[in-house]
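Start counting the sequence shown at 1; every next residue gets the next number (full-length UniProt numbering).
Please note: incorrect hints may appear among the correct ones.
[Stated by the list, open to error] Below 16 Å or equal to it, Euclidean Cα-Cα: the simulated EDC-like pairs (lysine to aspartate or glutamate) are:
| hint | residue 1 | residue 2 |
| --- | --- | --- |
| 1 | K23 | E54 |
| 2 | K85 | E49 |
| 3 | K37 | E11 |
| 4 | K90 | E54 |
| 5 | K23 | E46 |
| 6 | K88 | E49 |
| 7 | K110 | D56 |
| 8 | K90 | E77 |
| 9 | K57 | E11 |
| 10 | K23 | D56 |
| 11 | K88 | E54 |
| 12 | K90 | D56 |
| 13 | K86 | E54 |
| 14 | K85 | E54 |
| 15 | K86 | E22 |
| 16 | K86 | E50 |
| 17 | K57 | D24 |
| 18 | K110 | E77 |
| 19 | K90 | D118 |
| 20 | K23 | E50 |
| 21 | K110 | E94 |
| 22 | K86 | E147 |
| 23 | K111 | E77 |
| 24 | K88 | D56 |
| 25 | K23 | E77 |
| 26 | K85 | D56 |
| 27 | K86 | D56 |
If you're looking for bench data, these hints aren't it; they were derived computationally from the structure.
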Amino acid sequence: MVMYSSHGRLERACWIFNLMPEKDVVSWNSIISAHCKRREVLAFLEQMEEAGVEPDKITFVSILSACAHLVLVKEGERVFSLMCKKYKIKPIMEHYGCMVNLYGRAGLIKKAYSIIVDGMGFEAAGPTLWGVLLYACFLHGDATIGEIATNRLFDLEPDNEHNFVLLMGIYENAGRLEDMERVRMMMVDRGLDY
Numbered sequence: 001m002v003m004y005s006s007h008g009r010l011e012r013a014c015w016i017f018n019l020m021p022e023k024d025v026v027s028w029n030s031i032i033s034a035h036c037k038r039r040e041v042l043a044f045l046e047q048m049e050e051a052g053v054e055p056d057k058i059t060f061v062s063i064l065s066a067c068a069h070l071v072l073v074k075e076g077e078r079v080f081s082l083m084c085k086k087y088k089i090k091p092i093m094e095h096y097g098c099m100v101n102l103y104g105r106a107g108l109i110k111k112a113y114s115i116i117v118d119g120m121g122f123e124a125a126g127p128t129l130w131g132v133l134l135y136a137c138f139l140h141g142d143a144t145i146g147e148i149a150t151n152r153l154f155d156l157e158p159d160n161e162h163n164f165v166l167l168m169g170i171y172e173n174a175g176r177l178e179d180m181e182r183v184r185m186m187m188v189d190r191g192l193d194y
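Assemble the whole structure, with the sequences as input and the hints as a guide.
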């Protein structure tokens, strides 16, 4: 199943899945993961529940990732709530990351920021989550939260030039050319490429 899905042969992966006499959480997770860029991934969760197989943390990472990729905000919120309330699964970093990505792609920057600050805790978020948030701020022109994300990234990854470039892009798009120049000079002072 994994071999077929990794080569884009979803129909063959589904064929093998349907031939399986007994499907456990691993087989369900495999078929869900294979459909992570398609809306029908949500139907697989329902089928999994109907079959009496309880989803696990990996199931929800795949489904939330699909919701983020497809920018299905309401569905992602419903799935996250289902995971926490019905299945009593405590969110892990990957779940929070999917939600930050989902809200960020949808332009809901304050909600994405809230996941980091209120959901998982400011200090717990690593550079990947802050980077996802910063990129969303760049795409959607949120300089205020973009500055917060960048300042945190400057602490976590002081020499990552991409963070500087994204902040400069935010400033440039906002017409804040003096701030853009200030960030460029910070890069020069640190010996980073521009």
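- Message: Which constraints among the numbered hints does this structure fail? Numbers only, ascending.
- Response: 7, 9, 15, 21, 22, 25
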